[in-house]
Structure formats: C-alpha cells, structure tokens
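**Student:** Please model the entire structure based on the sequences and the hints provided.
So the sequences go chain by chain: A and B. Using my numbering, the first residue of the first sequence is number 81, and each one after it goes up by one. Using my numbering, the first residue of the second sequence is number 9, and each one after it goes up by one.
Derived from the structure by calculation, the hints contain no laboratory data. Hints may be right or wrong, so weigh each one.
[Claimed, not checked] What follows is a list of derived Cβ distance ranges for each label pair: (1) A/K82 / B/P49: 35 to 43 Å; (2) A/K273 / B/S573: 53 to 61 Å; (3) A/K176 / B/L554: 31 to 39 Å.
Given the structure is predicted, the values throughout are model-derived calculations rather than measurements. Quick reminder that beta carbons are idealized off the backbone N, C-alpha and C, glycines included.
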Amino acid sequence: MKNGLQQLKISLLVSLLTLILLCGIYPAAIWGLSQALFPAKANGSLIEREGKAVGSELLGQNFAAEKYFHPRPSAAGNGYDAANSSGSNLGPTSQKQFDAVKERVAAYRKENGLAANVLIPADAVTASGSGLDPEISPANALLQADRVARARGLAAPRIVALIRNHIRGRSLGVLGDPGVNVLMLNLALDGMK
Amino acid sequence: MDMFGCIQLLLFLLILLLLTKPMGLYLLQVLTPGGKNILSPILGPLERIFYRFCGVDEKEQDWKGYASSMLLFSLVGTLITYLILRAQHLLPLNPQKFAAATPDLAFNTAVSFATNTNWQSYVGETTLSYFSQMVGLAWHNFMSAAVGIAIAAALVRGIARASARTLGNFWVDLIRTTLYLLLPMCVVYALFLVSQGMIQNFSAYTAAIGLEGGSQTIAQGPMASQVAIKMLGTNGGGFMNANAAHPFENPNALSNFVQMLSIFLIPSGLTYYLGRMVKNQKHGWSVWAAMAILFLAGTLVCWWAEAHPNHLLSTLGVDPAGGNMEGKEVRFGIFNSALFATVTTDASCGAVNAMHDSFTPLGGLVPLFNIQLGELIFGGVGAGLYAMIVYVVLSVFIAGLMVGRTPEYLGKKIEAFDVKVAVLYALVGAFSILGFSAWAAATKWGTAALNNAGPHGFSELLYAFSSGTGNNGSAFAGIGANNPWYNTTLGFAMLIGRFLMIIPVLALAGNLAKKKIAAASAGSFPVSGITFTMLIIGVIIIVGGLTFLPALVMGPVVEHFLMLSGKLF
Numbered sequence: 081m082k083n084g085l086q087q088l089k090i091s092l093l094v095s096l097l098t099l100i101l102l103c104g105i106y107p108a109a110i111w112g113l114s115q116a117l118f119p120a121k122a123n124g125s126l127i128e129r130e131g132k133a134v135g136s137e138l139l140g141q142n143f144a145a146e147k148y149f150h151p152r153p154s155a156a157g158n159g160y161d162a163a164n165s166s167g168s169n170l171g172p173t174s175q176k177q178f179d180a181v182k183e184r185v186a187a188y189r190k191e192n193g194l195a196a197n198v199l200i201p202a203d204a205v206t207a208s209g210s211g212l213d214p215e216i217s218p219a220n221a222l223l224q225a226d227r228v229a230r231a232r233g234l235a236a237p238r239i240v241a242l243i244r245n246h247i248r249g250r251s252l253g254v255l256g257d258p259g260v261n262v263l264m265l266n267l268a269l270d271g272m273k
Numbered sequence: 009m010d011m012f013g014c015i016q017l018l019l020f021l022l023i024l025l026l027l028t029k030p031m032g033l034y035l036l037q038v039l040t041p042g043g044k045n046i047l048s049p050i051l052g053p054l055e056r057i058f059y060r061f062c063g064v065d066e067k068e069q070d071w072k073g074y075a076s077s078m079l080l081f082s083l084v085g086t087l088i089t090y091l092i093l094r095a096q097h098l099l100p101l102n103p104q105k106f107a108a109a110t111p112d113l114a115f116n117t118a119v120s121f122a123t124n125t126n127w128q129s130y131v132g133e134t135t136l137s138y139f140s141q142m143v144g145l146a147w148h149n150f151m152s153a154a155v156g157i158a159i160a161a162a163l164v165r166g167i168a169r170a171s172a173r174t175l176g177n178f179w180v181d182l183i184r185t186t187l188y189l190l191l192p193m194c195v196v197y198a199l200f201l202v203s204q205g206m207i208q209n210f211s212a213y214t215a216a217i218g219l220e221g222g223s224q225t226i227a228q229g230p231m232a233s234q235v236a237i238k239m240l241g242t243n244g245g246g247f248m249n250a251n252a253a254h255p256f257e258n259p260n261a262l263s264n265f266v267q268m269l270s271i272f273l274i275p276s277g278l279t280y281y282l283g284r285m286v287k288n289q290k291h292g293w294s295v296w297a298a299m300a301i302l303f304l305a306g307t308l309v310c311w312w313a314e315a316h317p318n319h320l321l322s323t324l325g326v327d328p329a330g331g332n333m334e335g336k337e338v339r340f341g342i343f344n345s346a347l348f349a350t351v352t353t354d355a356s357c358g359a360v361n362a363m364h365d366s367f368t369p370l371g372g373l374v375p376l377f378n379i380q381l382g383e384l385i386f387g388g389v390g391a392g393l394y395a396m397i398v399y400v401v402l403s404v405f406i407a408g409l410m411v412g413r414t415p416e417y418l419g420k421k422i423e424a425f426d427v428k429v430a431v432l433y434a435l436v437g438a439f440s441i442l443g444f445s446a447w448a449a450a451t452k453w454g455t456a457a458l459n460n461a462g463p464h465g466f467s468e469l470l471y472a473f474s475s476g477t478g479n480n481g482s483a484f485a486g487i488g489a490n491n492p493w494y495n496t497t498l499g500f501a502m503l504i505g506r507f508l509m510i511i512p513v514l515a516l517a518g519n520l521a522k523k524k525i526a527a528a529s530a531g532s533f534p535v536s537g538i539t540f541t542m543l544i545i546g547v548i549i550i551v552g553g554l555t556f557l558p559a560l561v562m563g564p565v566v567e568h569f570l571m572l573s574g575k576l577f
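**Tutor:** Structure (structure tokens):
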C-alpha cells in the first residue's frame, strides 16, 4: 500500500512536469519560432486583396461563376467549409455517390460545352478527402479554359498559357502528383487585361 | 501504377532502410539507463530534476512493478484528460467558445488518446478548444508513445537478460524516452512542418470573403507542435477532422513523404535495437525484412486496387485513367494515398491523407487487414516490436513442434507459460474485434450509425472495432460514432486492445528474463535468415490473418464482386 501511494505520487508529479514541458513550453516555443521564422505560413498562408483576407492559398473555396476556374466538389460542411473539413465517405457501391457523380458529369459537360464522348477527369467529379483540396488536375483546368476565355472575352491560348504557368510540378521532381491551385489561378485571371 | 509511383516507393524504402541503424543506435543510448548520448550535456540536468522532483528512485522493477507503474500512470493520465474535456468551457484558449464534451465523448476521447489509439468520435475544429488539443490530447501523444517504447524495451531486456528478476524502471524509461527521443525530434520536425505551410498560432478562426463574395471561416490553431508528435509517436489523431488530408495538416507532397517516413522511423529503429540488445544483429534484420515484405505486399495491392477506377463511375464517362479519386487529394494522387493508407495501418498510427471509407473494396481491405494482423508491420512505436516478438515466440514454438525439438528462442527455452501468454495476446484481439462487431451488426444502435448500406456498411463497423481494438484510430469515417453506444463500446475495445495486450507482454518479459541462456549448438533453431523470415510471415498470416477471413469475406470481398456486377446500395 505504501508503495502504491508512492507510485501514485510519482504518477501525479511526472504528469505535472511533463504537462508543463510538453504542453506549455514546447508548443509555445514552436509558436514563437514559427511566428518569427515563417509568420505567413504559421498563420494559414492567407491571401489578402486590398487589405482583406480572400482565403488561404492552401484551402479550396467555392467558385461557380463562368469566368473563374472551378474547384473539385466538396463535402466539407455545406461545401468548402474551412471550419468543418470532411470527405463524403461514400463507398464505391453507394447509390448516392453514383447519382452525385452522374449529375456532376452532366453539369461539367454542359458548362464547358463538351461532347458526350469526352472523358471527364476523375478529380473534377469526385469530392476530395478534406473537402478543401486547393488544387485540380492540369487536365481538369485545361478542359475549363475555353469556358473561362469566352466568359472573359480573352483568347483561349492566353488562358492555356496561364494554366501552364500555374501547374505545380512534383515536389523534388518525383513526389506527389502535379496540380493547379484554383485560387491562385483565378487571382491571376483577375489580374489579366 | 506508374513509374513515378515505383520511384517513390523505392525511395521510401531505401531512406527507411538507411535511417534504421542510426535510429536504432540512438534508441540504444536512450533506452540504456544512465547511458550518454549527444543531448546528455544539455538535457542531462533536466533528467535529474525530473527524478528528484518526482521522487523516482531509479531502482529496477520486476514485471509486476513495471506493469503497475504503467497502469497507474495511464489511469491518472486518462482521468486528467477526461476532466479537461469535461471542463473545456471553463478553461483558457477557447476562442470559438466550444462547450464541454459530453461524458461519453470525454470518456471515449480520453481513453482513445491514453491508449495511443486516437480514434476520433468528434470533429476537431468544431468541438475542441486549443487548450483541449494542446494539453488534453497532445500530452498523451507524447506519453502513450513513450509508454509503448518503454514496454518494448522491457520485453527486449527480458529476452536479453539471463537469470534476471527485473526489467528496468518504468519511470526512467518513460522520462528518458520523452526527453531524449521524442521532444528533441519534435522540435525540429514541427518547425519543418511549419516551413511547408502548417499552421501554428492561437488566433481565433479567420473570416475571409472569397473572390465571388462568399464567406469562408478558416479554422486555426497550434497544429504543428501537435502533428509532429502525432506522426512520430504513431498516434494519428488529427488536429482537424480531415486529418492529414487537410491542406493545413499536410500541405504538400514533401510534407506527406516525411510524415509517412516519420511513422515508420522509430518502429524500424527498434528492430535494430532488438538486434543489438540480444547480440544477434541478423535477428534484428530478419525481423525488419519480414516487416518490409509484408509492407510491400500491402502497398502493392492497395495501390493496384486504387489505381483502377470504380468501374460504375467509368460507365458515366469519368476518365478511368484517373483511378479512384473520391476522398483523395490532387497533390497526393493515387499512389501517395495508397502508400499512406498502408503505412498508417501497418503501424498503429491512424492518421489518414485520404478517406479509407471511399476506397475501392479491395483497396480498403488492405488497411483493415493490416490492423487485424495486429499492427506489427513496423507497427506502433514499441507496440509494433512487442507484437512482432510475440509472433516470433509463436513461430519458434510452431517450428519446434514441426521438428520435434524443445522450442528455443535466442538460447531460451520456450515453455508452456510463454506460449500461453503469447496465445492469449493473439486471442484477445480477435475476441474483441469479432465480438464487438457481431454485437453491433446485430443491434439497432450498431447499424443506425452507418453511412453506407450493404456490405460496405458492415465494413464500416468492422473497421471501427478493428481500429479501436488495434489502437489504430483510423476509420471508415462515414460511421457516426459520436453517440453513447459507440463511444462506450469503442472505449472498452481500446482499453482491451491496449492493456490486456501489454500485461501478457510484460508477463512474458518477466518469465523470459528468469531463464538461463543455453549456448547455441547445431540443434538450435536459427532466428535469422530467409527461412526464419518466411516462417514468421507465415505464422502471422495464418494465426493472425485467417481468424478474420470470414468477416472480411462478408465485407470487402462480397462488395468487390457486387461492384463488378453493377449492384448499388
């Protein structure tokens, strides 16, 4: 019993010291260093226009207008909810998922004026894991180029060139898959004359 | 399955291999009481302050003493987190003014983090304050990892020592692992993560107005400090709901690659530590090889399955070349999603960078099967090694039966008691997973929570109890588990999967330590080489795997064939 009480006392004291060190000093130190070394990143890679936050470079947001490139479908909250990230979690034999993709394929073809035999890139009609995927595949962006060009009264090759400039390659040349950041692309579009 | 995937897979395995020895040597320094390492001049005084302040006498304990210290510490830790979650609304660093967690959620979450499971019934960014995450949860990320490593060290000492009574001192192992191993690595790692785009702040959520005028609230928080230990300690509990799929929590392919490596780093190093301690480095490498082979097999199957599209969607005009992209992020693509899913379930990590629930049936079978095998393919920090050693003991026993010799492991006779506790270890998991799953499948509370119908719904609940018992924490996340029934049953599954496995392991360690070591002779069973590696793989698949075959057939396998026949639910 005496030994038990002693072990209990050690448990409590070890808890106390580790809490101070690992949950106080450590995160505070990381916070201080991050804010000093990488302030923009540590605060969410926010993008500002005219002094106001328009979103984060890292987070997808909704775009529905013809003149903007559209992101992937989102299952986060009511869509692109950056305070409620989520995938659809629908499985491969889900009727709901099948119906949703069917609808998205039809809508994608219609808004981009694509023939019925054009294959639709998978990322364009499936919800991402986080519901906040900031990127679309280059193929998806290129299929939207004509629509965006028409809506803005710009020549399509200029839009295609802009997309190509915005394709992010693989990290270190080998890691991951290429993508195009939708928010950054749309901001660049707004800057075009 | 493309060239870039192959290059990344080879690169991953090569870097892991190269890091194994240095990691193992460092672990040896850390886990040797009184041992010096590169950080001793700086952190040595802190270690001594810990012992003096807490009254740790540094005397070695027998297995019962070691186990009771561990149990007491885990109990105290669980209670502290339970209280923090229940009192969340009264505590600081709660800019979003989140209310207290309900009793069942607080129980489930406290147990989940104390057992290194990190199953999450809650949505991080809508439920938990920064204080709850940083103090209530991240603390366990460190401590439960340190406990796992301590237990593994105790078992390895039991094997290495002859005619000994003690296994080491729990508090010394715990404190040294935390101070010299986990904390310093996390400091460097967290800063790297921030440099890649991970957030680390205490701000209230940011209100943004998008280009089209829509508003977006952006969740913030002290994420990097927590994610570093979440990966390194194979905890896996996401700061955000989408876990490592969330762009803040895993900004790019490089952060993703490093996160996957960091899951395997310590477990891989522990195999080298084993080799060193038992003075048979070939044994350590043979265990490593068995893990690597099982890892490669799982990755290839999962990658192959996910690279093939859901053919029901292909009939709608979706480009089949894209593979199964539902629930995956563009920056990771098919390969890195499949690799992450395999790594996180080989280990008992449970972080996800893609939604396993939306994987193809066979792609989702791989993580589920990995968990059911007992997460010994590198495995959780410490937990992976002790699970593997239990299977090594079983393998040696079975090999002994086959050739008609007294089974012997590294010069120690394997006797009835050792085999009994090893079998107990293997059975506890099976009973918990299958028992709870059967119960849930047969009741209304069990099936009402499902997000998918048909066999996929069954897979959801099977995965939940496998993940809970296996202390993994990943999910077929459609399941709505935040209710008293699931929170309670999963809470007990996690407790069973942690403590009813650790206690047999420590008993085994205590019993092995007592034995004499016989000199190796021509009749000794060699515990290294290809035959040995293949033998343990076989025993793992047969003893660990076949138990779950009928359940797997009812879930993913049936779903696969129904999908091919065009059936929807």
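**Student:** All the hints need checking, so say for each whether the structure fits it.
**Tutor:** To see whether the hints hold, each was checked on the structure:
The hinted window of 35 to 43 Å between A/K82 and B/P49 holds, with their beta carbons roughly 37 Å apart. Judged by the Cβ atoms, the range 53 to 61 Å given for A/K273 and B/S573 holds: they are separated by roughly 56 Å. Between A/K176 and B/L554 the CB atoms are about 34 Å apart, so this pair conforms to the stated range of 31 to 39 Å.
Figure legend: structure checked against the earlier numbered hints; every hint is met.
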